[in-house]
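Peer 1: Listed below, chain by chain, are the residues.
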Amino acid sequence: MTDLPTVPVGAPTESGAPGLRARRPARPRRSRAHRLSRTDKAVLTVMVAVPTALVVGLVWLPAIATVILSFSNWDGIGGLGTIHWIGFENYQNVVTNYPPFKPAIEHNVIWLAVMFLLATPLGMFLAVLLDRQLRASAFYQASFFLPVVLSLALLGFIWQLIYSSDQGLLNNVLGTKVDWYGDPSVNLWAVLVAASWRHTGYIMLLYLAGLKAVDPSLREAAQMDGASERRAFFSVVFPVMRPVNVIILVVTVIESLRAFDLVWVINKGRNGLELISALVTNNVVGEASRIGFGSALATIMLVISLVFITIYLATVMREDT
Amino acid sequence: MLANAGKAAGVDVKVNTVDHNTFQENINNYLQGKPDDVFTWFAGYRMQFFAEKGLIGDVSDVWQNITGMSDALKTASTGADGKQYFVPLTNYPWAVFYRKSVFAEKGYQVPKTLDEFKTLGTQMKKDGLVPIAFADKDGWPAFGTFDILNMRINGYQFHLDLMAGKEAWTDPKVKTVFDTWQGLLPLHQEGSLGRTWQEAAQSLQKKEAGTYLLGMFVGQQFPTEEQADLDFFPFPEIDSNIGADALDAPIDGFLMAKKPRNEAGAKKLLAALAKPAAEQDYVTSDPTVIAVSSEADTSKYSTLQLKGVELVKNAKSIAQFLDRDTRPDFSSTVMIPSIQAWIKSPGDVDSILKDIESQKKTIFASQ
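Chains as they are written, first to last, in my numbering: chain P, 1 to 321; chain V, 1 to 367.
The following block holds chain P by itself, in its conformation from the complex:
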């Protein structure tokens, strides 16, 4: 196959307009297809079919099944014939007859706000700082990224050592007796500190990768025009990083809606740490087995996520045209 030269993100192509990908005028497509042998086609088909089957079977079908089951009141026992269909009753119950629901929504929103307004900008800021030729740059990157590499259960344990009300580091150093995990007015914020610690590292790495791909000639041009560092970043680099910015935004939203592991490890998502994902797990997994009710909660989570995904897709599609 001929090697199409790719141009770095953001740099102007010969035609002068910045774009995601720039191609030289290529040869007509049809002749490229004719170069694929039958083995190639077979391999391609398998390589596409297997992941597609997995995604459809393990993601799409269960998701659709969840939405369907949310209209039932099934407890997971007995065959499909034992399912009672009850329409929107589960949704009614979720909204009016389930005290943990409202706090869960509030907490998810707070989680999103904190990630979006604090953790993500902090990650971006760290990335910008690390984008220069610092001496210990690799060390900084590794140390910021370390929390991302650790499993969330391990993170829960580490922060437990810090937050424990009797034996933890924080209370012993500050001399306070705050019940960080047990007091519902503080525990969400305590958990958010732990979650942001991890999220910041993640965003930092994504953004750093994007920054490294920005054409240095842009920065030189801005410098020559006499722009300060700050101005150079906000007026030149930031707009050009648009695709990475969108990715960061989507990742932030998804991680906020998906937030689960930390609160589950701490106290199964109760007493001030309610999150929708924890509520779903509480209802569906285990002996409780309120499959219909839990599916309704999961569907609500899906709908909220869909809103953001739709916005993202609309933005991306619009860019491609």
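Some hints could be false.
To be verified - Within a straight-line C-alpha distance of at most 27 Å, the following computed DSSO-like cross-link-like pairs (lysine-lysine) qualify: (1) Lys275/V to Lys258/V; (2) Lys177/P to Lys206/V; (3) Lys354/V to Lys102/P; (4) Lys354/V to Lys268/P.
Unchecked claim - A few chain V residues facing chain P, derived, Cβ under 7 Å: (5) Thr22; (6) Glu52; (7) Gly191; (8) Ser366.
Calculated directly from the structure, the hints in this document are not laboratory data. From the three backbone atoms N, C-alpha and C, an ideal C-beta is built for every residue, glycine too.
Please build the complex by placing chain V on the supplied structure of chain P, with the hints as guidance.
Peer 2: Showing chain V alone in chain P's frame:
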């Protein structure tokens, strides 16, 4: 224990060990898949629920030949249709635990009524102890306090009916339980929602707390040399008409699969497991439980276990603990958050009870 029981039954037993929590959480899938012929579980509502749904096997014929098990045990092993499905092995009582040395040193007396308990608590506070250790981070330990208060104030039958969904949570009787509990809250350890039962038990062990209402497994938090110092008394009487002989004593035991691969062998194994020898084998390895059979050899029991046996034997009414006496979806998705919400703000009792009742209606009305 299983090896010996297998030998006694003349069957070859293959043991399949699964982590406790995993097993409990996956029980629905397990039973509908390929369950082992015989498996461990507990007595209570859930067992009866499985029986109703046809997921476990009838072992009434094994029960015909079982001796040494009280009527209370047989009732606890019976399904809603009057047939037996469960073979008990061990149980343990819930009671108020304390350290003998602390009581002796400070000159405390074991309280027989609630007023005496409150006086004792006030005295303990003056002496710098937390009167009643308390932990509810996991959500279920506080059920013990609710259960015993309900049984003392409203009687065993009302408690069971409430668990079965036949009584309303908005009933003034239930409110009385919470009001009584609220009166005792100043004696309870603060910050319970951030404390696990292990930590509360440790505060009893460290002589920071005076008493702790928990199951006999509280002993697991005491080092071996201090086990002899542990003692208990049944929760004091509140209403003299009702007395103090009801208690929570969850029973662990065995069930048989609906379609075991070797039904005759399974039944023989269950018969062997119902014998005192099997229970003794098990109790040797876990000194925080007691064998259920009255024929079990208690010579190797610690003083605490012997007391436990007496307590359970004299109990006229045995409950299985809230999360085993009622529907598990009700107990875990409704009761845990509600009790935690009440502990946070006891003044909201009316709205909390109203919410419990309305959620209970939807859950119990479903299949």
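Peer 1: Please write out, lowest number first, the hints stated earlier that are contradicted by the structure.
Peer 2: Hint check: 5, 6 fail, others pass.
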